[in-house]
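A.B. asks: Residue numbers (this note's numbering): 1 to 531.
Bear in mind the hints are in silico, worked out from the structure with no lab data behind them.
Here a beta-carbon is modelled for each residue, glycine too, at the ideal position from N, C-alpha and C.
Honestly, I wouldn't trust all of these hints.
Distance condition first, Cα-Cα at most 27 angstroms in a straight line; then the derived DSSO-like pairs of lysine-lysine [claimed, not checked]:
1. K312 / K506
2. K231 / K255
3. K255 / K287
4. K101 / K28
5. K461 / K402
6. K101 / K69
7. K510 / K378
8. K506 / K402
9. K506 / K518
10. K312 / K378
11. K461 / K312
12. K69 / K28
13. K101 / K152
14. K312 / K263
15. K287 / K378
16. K108 / K152
17. K287 / K402
18. K510 / K402
19. K255 / K163
20. K69 / K108
21. K255 / K28
22. K518 / K402
23. K518 / K461
Beta-carbon label-pair distances, calculated as ranges [claimed, not checked]:
24. S89 / R341: 48 to 56 angstroms
25. D39 / Q66: 21 to 29 angstroms
26. L262 / Q66: 29 to 37 angstroms
27. A56 / G158: 21 to 29 angstroms
28. S190 / E159: 23 to 31 angstroms
29. Q260 / D59: 18 to 26 angstroms
30. R341 / K506: 22 to 30 angstroms
31. E224 / C300: 40 to 48 angstroms
32. D497 / Q260: 23 to 31 angstroms
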Amino acid sequence: MKDQQTVIMTECTSLQFVSPFAFEAMQKVDVVRLASLSDPELRLLLPCLVRMALCAPADQSQSWAQDKKLILRLLSGVEAVNSIVALLSVDFHALEQDASKEQQLRHKLGGGSGESILVSQLQHGLTLEFEHSDSPRRLRLVLSELLAIMNKVSESNGEFFFKSSELFESPVYLEEAADVLCILQAELPSLLPIVDVAEALLHVRNGAWFLCLLVANVPDSFNEVCRGLIKNGERQDEESLGGRRRTDALRFLCKMNPSQALKVRGMVVEECHLPGLGVALTLDHTKNEACEDGVSDLVCFVSGLLLGTNAKVRTWFGTFIRNGQQRKRETSSSVLWQMRRQLLLELMGILPTVRSTRIVEEADVDMEPNVSVYSGLKEEHVVKASALLRLYCALMGIAGLKPTEEEAEQLLQLMTSRPPATPAGVRFVSLSFCMLLAFSTLVSTPEQEQLMVVWLSWMIKEEAYFESTSGVSASFGEMLLLVAMYFHSNQLSAIIDLVCSTLGMKIVIKPSSLSRMKTIFTQEIFTEQVV
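Please put together the full structure from these sequences, using the hints given.
C.D. replies: As structure tokens, this is what we get:
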């Protein structure tokens, strides 16, 4: 199994894929763009272009006649065109009849039978046979191999298998095998439905590359293929080799057609399949985002899944988080690891940078406002900071994420930062305070506890200033006093309700987890006399 994974990880790395520019040119049949492609890029699109040039068009307009001339001129100097023309000259009706007979024979004798009507007894390996064969026989070789894989897929009951096939592995003949595959699917669509072919390609080496070429040569099939692969996909894709292969293939398709990536992500959520793909597409999209200060697409997407009204989606994505954490080795190739890393980078990107690392003494607490060793959270970052806090609350409280030491440390630094006196700042302080109550395990060392006590003392001191400056009447001062009163009267369930209400999510908080905070509140910050 390990060797198999190594093989799959190394495939496709040296192969040229269809670029977004080339795919869009094919979609729009933009002849001027196609003419600007390099020879290697154009080579991948020849099956469709040659068929376009040779077949009688439905469009009889003068403009298409001119475009067709340009396409013929474009193809005139390309050597591989001749072999594709030869492929198109075959009697496909007879080929389809033989293929149907072979299907019936396989069904009768069982899928494992070596009998074949399409291909007579092979003298050599498939690659050598392919090399020495003429066009009709090449079509038969690929068709026979493809039907065998498709039959095995239909009989596998969803259990993934990896099929070693010389035709899809030999680097010398990959492009020619891809030509044959594309022509077969285009000429025999009822025998080879494109979604079924796409499914079969997941089971061979270089399957993602063949799949991208197939779709690039039938660009209108993009959404149909993606939806089919997602519908047939695993509920949890990172757990199995088949799931990871499917996710990788769909990710390659979306890199080829990035304008549809978020639509594909929508299909993922709709079907509640392949959560890793949903996150991976979001990460790819986040990399291309120009906005630094706004709330990122990753934060919005994951927050929407966990805090939305659809319980099925929430459970499905929560399972993805929990399962991901149970894997013994969390490597950088894991989509969950990449998501956590990106979220941490976003969090660290808005942390106040000029911050003293020394422990603040009691005397420092009495310093005037704005003369603090703690630098404030920038105003343009406050909304993003609040969104990140709510997301981490959802990840930990709903999806069961256990933060790493680094995540906990950076979260605490953000929660105890000091925002400007604006309505958004008041909201941020309220969220931070409730998060400290909900997840007391984030405070684990005496230094961290001291940091929290200093921040709570700052809250009490700044409350009146925030209320007068921000124009928000119900400031966080009321919440502080209410929590203090509840602690003194030991109404812990009332505190839990207040926390869940403020955070806007129902999470499980054990009353016992509030014991340390109760001690700090009742003995250090809000004594009975102060209350």
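A.B. asks: Hint by hint, say whether it matches the structure.
C.D. replies: For each hint, the structure was consulted:
no., hint, in the structure
1, K312 / K506, "16 angstroms, holds"
2, K231 / K255, "20 angstroms, holds"
3, K255 / K287, "12 angstroms, holds"
4, K101 / K28, "38 angstroms, violated"
5, K461 / K402, "33 angstroms, violated"
6, K101 / K69, "40 angstroms, violated"
7, K510 / K378, "34 angstroms, violated"
8, K506 / K402, "18 angstroms, holds"
9, K506 / K518, "21 angstroms, holds"
10, K312 / K378, "37 angstroms, violated"
11, K461 / K312, "44 angstroms, violated"
12, K69 / K28, "17 angstroms, holds"
13, K101 / K152, "17 angstroms, holds"
14, K312 / K263, "20 angstroms, holds"
15, K287 / K378, "23 angstroms, holds"
16, K108 / K152, "14 angstroms, holds"
17, K287 / K402, "25 angstroms, holds"
18, K510 / K402, "16 angstroms, holds"
19, K255 / K163, "26 angstroms, holds"
20, K69 / K108, "49 angstroms, violated"
21, K255 / K28, "18 angstroms, holds"
22, K518 / K402, "23 angstroms, holds"
23, K518 / K461, "20 angstroms, holds"
24, S89 / R341: 48 to 56 angstroms, "54 angstroms, holds"
25, D39 / Q66: 21 to 29 angstroms, "23 angstroms, holds"
26, L262 / Q66: 29 to 37 angstroms, "36 angstroms, holds"
27, A56 / G158: 21 to 29 angstroms, "42 angstroms, violated"
28, S190 / E159: 23 to 31 angstroms, "27 angstroms, holds"
29, Q260 / D59: 18 to 26 angstroms, "25 angstroms, holds"
30, R341 / K506: 22 to 30 angstroms, "28 angstroms, holds"
31, E224 / C300: 40 to 48 angstroms, "28 angstroms, violated"
32, D497 / Q260: 23 to 31 angstroms, "44 angstroms, violated"
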